[in-house]
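Here is how the chains run, residue by residue.
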Amino acid sequence: MDILPVLKTGKLIVLYTHDAARTESMTLIAELGLRGAVTILDGGNRYRPYQVAMLLRRKTVNISTAANRLFSRRAFTCYEMNTLLGSTPSLNQPYLILDLLNTFYDDHVPTYEAYRLLKSCLNQIQRLLLSGPVVVTLAPPLAEERDFLLEQVCRQADELIIKEAPVCQPVQPSLF
Amino acid sequence: MDEARGWLLDVYADQVGGIILWLLTDDDKRLRLRMDFSVTFYAAGDFSLLRQAWIYLRDKDVKLERSARRDLFLGERDVLSVTTSNPSKLPKLFANLSRQFPSLDYYDADIPLSLRFIAQTNTHLLGRCRVMLDDEWVRAIEPLNSPWEIDPTPIPLRILTLSPDSNPVIRKPTQLRIRYERGEYSLPLEPTRTFMISLKADLKRFDPDLILTEYGDTWLFPQLTVWSKESGIDLNPNRDQSREILTRRADSYFAYGQVIYRGAQAHLFGRWHIDRHNAMSMGEYGLEGVMEQARVTGLGVQEMARKSPGAGITAMQMVTAIRNGVMVPVQKQQVEGTKTLIELIRADHGGLIYQPIIGLHGNVAQIDFSSMYPAIMVKHNISPETVETEDAQEGLVPKTLRPLLEKRLMLKNIVSDLDPRDCRVEILKARAAALKWLLVVCFGYLGYKNARFGKIESHEAVTAMSRELMLQAKELAEDMGFTILHMYVDCLFVQQQGFERSADFTPLMDAIADKTGIPIAMEGVFKWVAFLSSKRDARVPVPNQYFGAFDDGTIKYRGIELRRRDTTLWVRKIQLAVLEILAKANTPRQMMNYVPDVLAFVEHAKHNLKAGHIPQEELIVRQKLSRGLEGYKSPSPAARAALQLQAIGRQVAPGQSVQFLFTRGGSGVQAWELGDALDHRRLDTKRYCTLLDRAIRTVLDPCSS
Chain A
1 MDILPVLKTG KLIVLYTHDA ARTESMTLIA ELGLRGAVTI LDGGNRYRPY QVAMLLRRKT
61 VNISTAANRL FSRRAFTCYE MNTLLGSTPS LNQPYLILDL LNTFYDDHVP TYEAYRLLKS
121 CLNQIQRLLL SGPVVVTLAP PLAEERDFLL EQVCRQADEL IIKEAPVCQP VQPSLF
Chain B
177 MDEARGWLLD VYADQVGGII LWLLTDDDKR LRLRMDFSVT FYAAGDFSLL RQAWIYLRDK
237 DVKLERSARR DLFLGERDVL SVTTSNPSKL PKLFANLSRQ FPSLDYYDAD IPLSLRFIAQ
297 TNTHLLGRCR VMLDDEWVRA IEPLNSPWEI DPTPIPLRIL TLSPDSNPVI RKPTQLRIRY
357 ERGEYSLPLE PTRTFMISLK ADLKRFDPDL ILTEYGDTWL FPQLTVWSKE SGIDLNPNRD
417 QSREILTRRA DSYFAYGQVI YRGAQAHLFG RWHIDRHNAM SMGEYGLEGV MEQARVTGLG
477 VQEMARKSPG AGITAMQMVT AIRNGVMVPV QKQQVEGTKT LIELIRADHG GLIYQPIIGL
537 HGNVAQIDFS SMYPAIMVKH NISPETVETE DAQEGLVPKT LRPLLEKRLM LKNIVSDLDP
597 RDCRVEILKA RAAALKWLLV VCFGYLGYKN ARFGKIESHE AVTAMSRELM LQAKELAEDM
657 GFTILHMYVD CLFVQQQGFE RSADFTPLMD AIADKTGIPI AMEGVFKWVA FLSSKRDARV
717 PVPNQYFGAF DDGTIKYRGI ELRRRDTTLW VRKIQLAVLE ILAKANTPRQ MMNYVPDVLA
777 FVEHAKHNLK AGHIPQEELI VRQKLSRGLE GYKSPSPAAR AALQLQAIGR QVAPGQSVQF
837 LFTRGGSGVQ AWELGDALDH RRLDTKRYCT LLDRAIRTVL DPCSS
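Chains as they are written, first to last, in the numbering used here: chain A, 1 to 176; chain B, 177 to 881.
Everything labelled a hint here was simulated from the structure, so no lab data went into it. All of these numbers come straight from a predicted model, not from anything done at the bench. Don't take every hint at face value.
[Claimed, not checked] Sample of chain B residues lacking proximity to chain A, with all beta carbon distances greater than 10 Å (derived):
#1 L209
#2 E312
#3 T368
#4 D416
#5 G486
#6 Q510
#7 K515
#8 T516
#9 E644
#10 F726
#11 L850
[What the hints assert, rightly or not] Listed next, the stretches of chain A that the computed footprint assigns to chain B, with coverage defined by at least 3 CB atoms under 8 Å from CB atoms of chain B:
#12 44-52
#13 74-87
[Stated by the list, open to error] Okay, derived cross-link-like pairs now, BS3-like style, lysine-lysine, Cα gap no bigger than 30 Å in a straight line:
#14 A:K119 <-> B:K268
#15 B:K800 <-> B:K760
#16 B:K650 <-> B:K625
#17 B:K749 <-> B:K809
#18 B:K760 <-> B:K749
#19 A:K163 <-> B:K583
#20 A:K119 <-> B:K625
#21 B:K749 <-> B:K605
#22 B:K625 <-> B:K749
Note that CB positions come from ideal geometry on N, CA and C, so glycine has one too.
Starting from the given sequences, assemble the full structure and let the hints guide the process.
Spelled out as structure tokens, the structure:
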């Protein structure tokens with residue numbers, strides 16, 4: 001899943017995997033950090049700073065330069081995600097939004113409210129796209145009723161990358 | 177005008193406007209009183225939207241004003257204030273308005289009525305007050321005591337206990353046991369008509385303030401409604417006969433890292449109903465504890481019995497906010513500030529853990545900081561709005577916690593001064609434990625997603641401060657010649673050659689308290705304590721996994737099978753008995769002498785199991801379903817048991833516990849709630865013995881190393 005070559009301003013790339021591209025997104029953050037400033041907005045507590053630090057260390061001895069270019073913020077509710085995106089300045093740098101929909105899957109948030117807030121978030125993402133590339137990672141909802149949120153995001157994607165969850169192979173029980 | 181004095185039992189909205197109060201008077205009367213009471217909520221945001229909202233509300237029988245109110249983080253905001261004299265209409269009014277204007281910011285719209293009442297009148301639920309009456313109308317009300325009083329006058333409650341003769345999930349009950357004061361008898365459930373007439377007569381005769389039930393939420397009250405329709409006997413268990421039972425549906429939700437199931441609820445008006453099986457912490461601190469929490473939080477007894485302590489802390493913060501003119505947001509909007517990778521790594525830590533030194537140790541003192549996190553919040557003024565600011569006024573969170581912290585410390589001090597046989601000890605302990613739980617959760621609520629006044633930076637500030645204080649304590653201890661064996665968030669295990677009694681450690685504790693400014697208490701001196709290693713790798717220590725015996729013979733254990741909820745009672749009993757055998761040893765060396773006794777005891781227990789002498793209740797395994805049954809690819813034993821229940825038409829929701837026995841053959845389990853008797857020869861004794869062996873190895877391994 002090599003995203004770097006396709007990253008460019010105005011392009012919204014959506015990665016959809018069963019775990020919101022947990023590994024791939026950390027690799028991408030480290031790679032981008034080596035090249036310049038990155039804004040990471042985490043909606044599902046997916047950001048693994050130690051993992052990113054380890055990935056950086058493999059590539060550079062000057063870890064602090066890269067580490068000081070990775071700017072992150074976390075949102076713990078969909079209201080916070082909306083505020084977070086609304087208060088993110090447009091800068092000429094890539095944006096990574098990790099597990100964007102996680103907080104929107106909360107069944108305590110009414111469906112109409114999740115829809116409204118996501119619409120507002122997508123508007124903010126369009127604003128950010130004017131200044132830099134945006135990568136959004138997504139994971140499937142726990143309940144099918146919230147599938148429409150996925151569709152809402154995917155519809156806006158310029159590039160949609162889907163990685164299916166590995167299927168468990170049946171295990172032959174041992175005879176002895 | 178008449179005057180009445182007594183205890184305030186209940187406050188709720190009157191359907192026709194104002195509120196209803198229930199007062200238990202000094203002359204043992206229960207008065208239903210009415211009071212004019214207006215409630216206000218606020219909307220803020222874009223002025224053109226506010227104008228539209230104003231137009232929308234103009235003909236809704238509310239008072240509308242433009243005013244300036246304080247948001248904790250944003251300061252003064254111009255708001256549209258909406259006031260209604262009928263609090264019962266507020267939820268619907270707000271729901272409609274917020275649906276119409278979702279992008280406005282709303283404040284004070286979902287504050288429980290009891291909290292508004294408390295904040296406005298300075299009285300408190302379960303507290304004593306004086307009311308001036310004009311017939312049934314309250315013209316004035318004033319408090320006669322404070323919720324922070326250490327020894328409040330006990331409320332002379334009338335309590336009626338109702339419990340079926342069997343768990344309705346397993347077997348259809350045939351009788352209802354009724355207990356009132358010293359009388360106890362059973363009412364047959366059939367014929368229904370006779371039962372309903374008798375129960376109705378009992379309710380009228382006893383007129384209880386509290387109906388304490390078993391399965392009242394999930395079985396008795398829903399069933400009473402059904403029986404009432406069937407038999408034509410109108411039985412309204414409310415004291416306020418103008419109201420019907422308030423029912424709330426069961427639900428599952430995700431909190432504290434696990435799925436939690438909350439059963440359906442039946443709330444009463446004018447009297448309380450508590451279902452022991454649906455009261456979250458009733459087992460932990462009993463009715464006294466629930467009442468203490470209701471007293472200090474302002475949430476009603478029925479609410480507090482069923483809600484988490486977090487709801488209590490939120491309620492207390494709401495009251496503090498109202499009293500200080502701060503609006504309570506419906507949705508928290510504050511988000512984390514930007515951090516670089518390095519800043520995040522530095523900030524995003526929990527409490528300090530200093531790995532234990534694996535093995536057995538003699539004469540070890542455990543000293544704990546008392547309510548460390550709340551004490552840090554209060555002492556260092558850590559609150560979402562004060563963090564990263566200098567010379568801030570006392571924040572909302574410390575302001576809320578200060579009296580709570582002081583009350584708990586005072587209760588603890590009183591308990592420690594009393595003779596353990598004193599009849600007040602248990603009650604005071606229960607009240608202190610109830611307050612402790614409120615303090616325990618207050619830290620988590622600084623960072624909790626649904627907290628009204630939380631901010632992740634304040635959460636991080638508390639843990640950062642705690643780590644600093646623990647390091648200060650460690651350095652002090654080492655300077656005084658102690659060896660630190662283990663540190664875990666707020667407690668230290670220290671040892672020094674020749675230090676054996678509590679008093680030997682007093683200078684250390686005094687020095688730590690002086691240096692850190694946080695009170696520290698002696699948990700006890702272990703004559704021996706074992707810190708355990710990882711089961712996967714014996715070289716790796718596991719924090720907070722230990723067992724030991726204090727010098728008075730009391731056993732303490734953490735993180736072992738005995739503490740786990742999914743351990744069968746049989747295994748727990750034997751592991752505890754084994755620890756009691758080992759506790760006879762006075763030094764680590766002496767422990768080897770007791771190993772033969774332990775092995776003989778365990779063999780005897782296994783023999784009893786195989787011979788079918790163990791009651792099957794002791795072999796029940798309890799496990800929670802972490803998801804819906806359709807979500808399991810390879811079902812766990814609990815899921816397999818739940819599938820058996822589903823096959824007979826019983827639904828099990830995520831977060832609900834499933835009880836089962838391990839059996840030979842078939843699916844390997846039998847759901848306990850199937851109710852079918854199980855031949856003891858079908859029990860999977862081998863599996864139970866494996867579980868026991870694992871538990872015994874946990875406690876014997878340190879002895880042999």
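Item to complete: Find the hints from earlier in the document that the structure breaks and name them by number, from lowest to highest.
Response: 6, 7, 8, 15, 16, 17, 19 and 22
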